[in-house]
Structure formats: structure tokens, C-alpha cells
Amino acid sequence: MSDKGKAIFVLVIFLAVAAFPFLYNRAASSASPKIELNTPVIDAMRVKQCILPKEKMRHDHMQLLNRWRDEVVRDGQREFGEIDGVKYEKSLQKTCLHCHSNKAEFCDRCHTYASVSVYCWDCHLAPKENKP
Amino acid sequence: MTIGRRQFLKAAGAAGILGLLGSSYRIFAPGELEAFTEHKTGASSASRRMSLVVDMKGFPDEASYNKCVEACNNTHNIPHIEDEKHEIKWIWPEKYENAFPDSSDGHLPEQIEKMKFLVLCNHCDKPPCVRVCPTKATFKRPDGIVAMDYHRCIGCRFCMAACPYGARSFNWSDPRPFIKKINPLYPTRTKGVVEKCNFCADRLSRGERPACVEASNGALIFGDLNDMDSDVRKTLRAKYAITRKPDRGTLPGVYYIIGGSSND
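Residue numbers (our numbering), protein chains in the order written: chain A, 1 to 132; chain B, 1001 to 1264.
Among the clues, some could well be false.
Claimed, not checked - The calculated DSBU-like cross-link candidates involving lysine-lysine, where the alpha carbons are at most 30 Å apart (straight line), are:
no., chain 1, residue 1, chain 2, residue 2
1, B, Lys1181, A, Lys128
2, A, Lys94, B, Lys1181
3, A, Lys94, B, Lys1089
4, B, Lys1126, B, Lys1057
5, A, Lys128, B, Lys1180
6, B, Lys1136, A, Lys94
7, A, Lys94, B, Lys1191
8, B, Lys1126, B, Lys1116
9, B, Lys1067, A, Lys94
It is worth saying that the hints were derived from the structure and are not from the lab.
Could you build all of it, start to finish, from the sequences and the hints given here?
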């Protein structure tokens, strides 16, 4: 076992290299993104509320959108329901982005931070005033 | 209990054969090879069958059919691409010999020779595009509309090869730079997907008529073919109409009333 020292040396180097990204990210942690909720439509709302509770939307919006997609495209079920007398349609462009017309500050900030690349915008159009 | 080498090999071989038999039986079981269609023979009264009648009397000149094409293009964000190999079309004018190649013998009345026929997806009763689609991106809705789920389209273009009417277009590039005026209420498509007419399924869900029908001044008649009192049914009862390439057995849902055969 005369190579014990060498082996440990190489092992230490390997661990240092493997752990580098994690340590680096920890040291260079950036502030978590702040999403902007103030748009003209939301400001004009009497009761500022989304179609579902905030925590639920934050956690499950991707599943919700996937479900909406299938229900609308494949089953033709387009109505989400009524909240406070306002009817909502299952539509990214016509419902979500109607209120959250600030895609850059609302969608992109978190997605960029979390390094999530969505392909929604390949087809779906974001409102004009917020060109990415 | 011990098991010998020979015994083990025999058992493994038998299990393998059984497995193969089992799976092949399932693969070739009746119905498994049938592609996804909701076609029912002798349509039940409950199901609807959306269809369109093109009354050629209402299309005397270029402006009359261009209006319909424009309406469709503007509603669905259809790009205008000059290159014929890359162009995207949902509804477009075609000469008689191209629209009805099986029934043109070269001796057409002058009036019909000059006509342009609006052609679009026929929303067939037995759509070959639905049968060939490997991802079920193209599917038939219970109301007879052959719809597309662009999220699922992988751009293999089998459907384009299968469609006898050339009603499908492929996005060879990002269509957005070629869209003249974007309708913010409708999505665009993206590079690498096939697209076609959807009978304005979204407008129908809001109780509106298809965009082309709205713009046609009554020359395009839209409705439920299974409803005896619908406009399409009444029209087809009163006038002789033809469909495109009937010998393909696709049972198109778009009918043409050609001038001269009308009762009035």
C-alpha cells in the first residue's frame, strides 16, 4: 500500500472538483427574484385575487396550465368558472396574461432565476407592451 | 431444492416464448392496430357533425373569395410566405381541375373553368391524417371536427402525406416574421409543426360562426349535418352538391354546389 498517499491526494482533488459547483453557488448566492404584480388590470381590481390562492398558483401553475391545455384542446372544455361574478376562460393568453400583462417581470424573472426554459412563448403571444 | 443448468435454460426459454406470444397476441389483437378515430357508422343522433357547404353562386369574382381567405388569415395569425414550398394555407382558392381532379375530363363549361373554388380541410368522417398521426396530435372531436394539438405535433408530416386534399402546411421556419398583423387573441404556430383549418373550434365555443363563413356573405353555409333543420342540411336537401375526391372514401364534410345545378 505504498500508493496510499497518492490515492488520497487524487481523491481529495476529485472531491474538490465535484463539489466546486455546489460550493460556488452557495458562496455566490443571488437574491431570490421579486415578481411584479402591479399591472393596470390588477391595480384596477376591487379585490386583488388570482383564480386560485397564491401559494397554490406559485406551486402548481405548471400542472394547472398543462391540465388546461389538454382540457381545452382535446376535450373542448374552455370554461374555468366564475369568481365574484367574473367568468374565467382556461386560457394563457386571454386569462393569465390579461391580468399579468408584464411577462418579463412576472414570468421570466423566476423562470430565468430557476433556469427553467419554457416553450409556451414559441406559439403563445405575450402582450405587446412587454416585449422580451 | 436445486435446479440444474439444463433445467434453468429450459425454463427460461419457455418463459421467453410465452412472453413473446403474449405480447404479439396483444399487438395484433383486433382493434389494436386501428388508429385513434371516433368514427361511428350510422352516426348517432346525439353526435354532431359540423360541415360546410360552398355555394359557388356566391363567389363570382376574386374579391368574394379573397375576403374569406383574408378573414381566416387574420383570425388565425397565418403567415404570408412568398415561397410556394414554404407557404402556409388554411383556406385558399383552387381551379376546378385541381380541386376536383377525378371529375375533370377537360371539357368544362367556360364558366366553371374560370371559377376558383375555395378549398380547405374537409374534416373527413374517416380522416386518414388521424389514422397516421403517431402522437395523436391530430384527432377527431365528437362533433366531427378534425382538430390538432400543436403541443403534441412532432413535425413528422405523415399527416401531410396521408391527406388527399393537400390541406396541411408545414412550418419550415418560425412563422412570426411573416405574419402581417398579429391577432393578440390567438396563438401563432412554431417552427416544426404542421397546421391546418380547425373549423374555428374556438369561435364555435363562443357561439360564433367560423371566420370565413362570417366573411362570405352567405356563400359559405356552416352547420350540423346531423341536425335535420340546420342550414347545411336544408341546403343539401334542396340542391345537388359534390365533394372532393369521393373515391378516396374519406367522406368529406365540405360540400360544393356548382353553378347550373341549383334549382333556382
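Exercise for review: Mind listing which of the numbered hints don't hold for this structure, in increasing order?
Suggested key: none
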